[in-house]
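Heads up: the sequence lines are chains H and D, in that order.
Under numbering that gives the first Met the number 0, the first residue of the first sequence is numbered 0, with each subsequent residue one higher.
Under numbering that gives the first Met the number 0, the first residue of the second sequence is numbered 0, with each subsequent residue one higher.
Because the hints were derived from the structure by calculation, they are not lab data.
Among the clues, some could well be false.
[Unchecked claim] Taking beta-carbon pairs under 7 Å as the criterion, some of the chain D residues facing chain H (in silico):
1. R20
2. P45
3. T123
[To be verified] Calculated pairs, EDC-like style, for lysine to aspartate or glutamate (alpha carbon to alpha carbon, straight line, at most 20 Å):
4. D:K18 with H:D113
5. D:K120 with H:E18
6. H:K296 with D:D220
7. H:K246 with D:E272
8. H:K233 with D:E272
9. H:K177 with D:D23
10. H:K246 with D:D253
11. H:K292 with D:D182
12. H:K246 with D:E166
13. H:K118 with D:D23
14. H:K19 with D:D23
[To be verified] Over the 12 Å line for every Cβ pair with chain H, so calculated as not near, a few chain D residues:
15. Q74
16. W99
17. A225
This one's a predicted model, so the numbers in the text were calculated from it and none came from an experiment.
We put the beta carbon where it would ideally sit given N, CA and C, even for glycine.
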Amino acid sequence: MSVNVKANTKSGKLTGFSEKTSDIILVVICAIILLIVAYPLYYVLIASVSNPYDVFAGKTFLLPSQFTLDGYKAVFADSSILTGLLNSFKYTIIGTVFSVTVLYLAAYPLSVKDLPGRKFFSLFFIITMYFGGGMVPTYLIVKQTGLINNMWALFLPGGVAVGNMIIVRNFFENSIPKEMIEAAEIDGASKWTTFIRIVVPLSRSIMAVMVVFSMVAYWNDWFTSMIYLPSPSKAPLPLVLRNILIKSSASASQASTISGGFAELNKMTEMIKFSSIIIAAVPMLIVYPFVQKYFEKGFMAGAVKG
Amino acid sequence: MSKSKPVAANAVMTQKSLKRRILDNWQLYAMLLVPVALTIIYKYIPMYGIQIAFRDYKASRGFTGSEWIGLEWFQRFFSAPTFGRMIKNTVLLSLFSLLWSFPIPIILALMLNQMRFHRFKRVTQTVLYAPHFISTMVICGMIRIFLSPSGGLINLIAGTSIDFLTESSAFRTIYIASGIWQDAGWGIIVYMATLSSIDTSLYEAAKVDGASLFQRILHIDLPGLASIMVLNLIMSAGNLMNVGFEKVWLLQTDLNKATSDVIAVYVYQQGIENAKYSYSTAVGLFNTVINIILLIIVNKIAGKMSDDTSFI
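So that you can see chain H by itself, here it is in the shape it has in the complex (with noise of 0.2 Å):
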């Protein structure tokens, strides 16, 4: 070992420059791609707190231009953004209360070797994951149970994340110590204790990234609002805004606050887009970095046994 070092250090002097050139060149790069990535969303945020006018007319590359909050005002007045919003939140919480539940309860018996049948349920859910019968057939049953307009459509038709659950399954096979287990096992503890009181709190890290994971799907999806979810009063933030980013038009509820007729109305739709998209992409932008730390070891322990 010791050779090696010394010989490192030796070939670290003799090819010094070309490591600090390469460092550098390194640097700059990942300065540019960083850049691109960030910049529209930068944008997106001094143009929410500019007068539109000056949006419109370039003057907002770099700094905010006649500063105003007006744009996050009228978001918080538009009655339907704010119907959206809380829908948004609500079916965030429980279907990520949902979701991870059902994956933890599909995980763990799978992760136990010894249960009878526990190949055929693996398949069982994997082969989910590469068949399925389409959008029709499974919008007919979701109608069949009842679930139109009704919040568990959301949740209930996607069933266990299987992608996931291997994650979290070979999670508890590499990293809940069986030693554990087994002796909860011999002083009394049912398989339903040991899973509540020594699996669930040791493995805190992977439902983390289970947790956020499922929030960003629920808190962003708008698909399956839009399909099993017609009535208006129920759609989450991103279909509401919809109507807004992609049809371009304002809502009722906006048309009627407004006094300054067309011109000023126009003025406060666009506005309105800045400070929407902010709105509905802040929240999860917040929470990833807390996780983030574990997520190239998740998919390690994925992709082990995937």
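Assemble the complex: chain H is given as a structure, and chain D must be docked to it using the hints.
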């Protein structure tokens, strides 16, 4: 798990213990109850319902009671005026996406892996992941804002006033570029994880031998990533016909349909908007079958190339 009568005492023992093992684990089976029930109802029954692609589905008669009409829906799809256009758009959009979005995360991961300033590396990763956590709806809203002919960022910078979303020649570029912006960063995770498991003594040895940075990447990193790259490629090839519905639908305008008309959008419009349940199911099934064929072909080719057929 055969239930034939045991002949030897040994077999009695194992059968007893199997029974007891099942009884001992009843709580685990109880845990599986909800996930299994959900999967049967919302995954397996719809699979069974695919048969309406060969029937004239009537809600009152159900999946199995509706009249059997064979391949009529498929024939109708093949003779639809936009059939050729949809197939071509689906394949090309997917293929061009793959050509761009496959190598970029690999290049990013190889670069970041060489980064020695750990703080900077972590910040870069955090920022690169960010767009992945934003809703497709919001992304498409941003695309529309940036591409707007009046006051859109791109037109402001270029000093033009082009309405990009009405140009069918620009659609694929918009779709693919925004896709890379959103997901290339997220795509590096699996490669970063693989690279971090490479034995560092290899780098030391290569340095001693005077290998340059580029040579180290070429001879150590790339071979280390080879198997995961092939795996990813197979998975993408098997999804070649699965162009994401959401983004295409949100970016589609009447004027860019020449390139944005894809099968997934058609399935949605026919099935959910027009309630042509059987027809839409037939179109979806056609798409799935092509996908499976592609998956098998690519898997075979990759298997021959690497002498390892155990990928799937």
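Quiz item: Keeping to a limit of 20 Å between CA atoms, is the pair of K18 (chain D) and D113 (chain H) held or broken?
Solution: Holds, at roughly 13 Å.
Exercise. Just double-check W99 (chain D) for me: nearest Cβ-Cβ distance to chain H has to come out over 12 Å.
Key: Holds: least Cβ distance 14 Å, greater than 12 Å.
Quiz prompt | Holds or violated: K120 (chain D) to E18 (chain H), with C-alpha atoms at most 20 Å apart | solution = Holds: K120 (chain D) and E18 (chain H) sit about 17 Å apart, inside 20 Å.
Quiz item: Taking 20 Å as the top limit, are the C-alpha atoms of K177 (chain H) and D23 (chain D) close enough?
Solution: holds, 17 Å
Quiz item: Holds or violated: are the alpha carbons of K246 (chain H) and E272 (chain D) at most 20 Å from each other?
Solution: The given pair, whose Cα atoms are some 18 Å apart, holds under the 20 Å limit.
Quiz item: Has the given pair, K246 (chain H) with D253 (chain D), been kept, meaning a C-alpha gap of at most 20 Å?
Solution: holds, 13 Å
Quiz item: Has the given pair, K118 (chain H) with D23 (chain D), been kept, meaning a C-alpha gap of at most 20 Å?
Solution: The hint holds at about 18 Å.
Quiz prompt | Closest C-beta approach of R20 (chain D) to chain H relative to 7 Å, hint status | solution = holds, 5 Å
Exercise. Sort out whether E166 (chain D) lies within 20 Å of K246 (chain H), counting only the CA atoms.
Key: Holds, at roughly 18 Å.
Quiz prompt | chain H versus Q74 (chain D) - minimum CB to CB distance exceeding 12 Å, so not interface | solution = holds, 19 Å
Quiz item: Does D220 (chain D) lie within 20 Å of K296 (chain H) when you go C-alpha to C-alpha?
Solution: Holds - the C-alpha atoms of D220 (chain D) and K296 (chain H) are around 19 Å apart, at most 20 Å.
Quiz item: Given the hint that K292 (chain H) pairs with D182 (chain D), does the C-alpha gap stay at or below 20 Å?
Solution: holds, 18 Å
Of the numbered hints given earlier, the model fails hint 14 alone.
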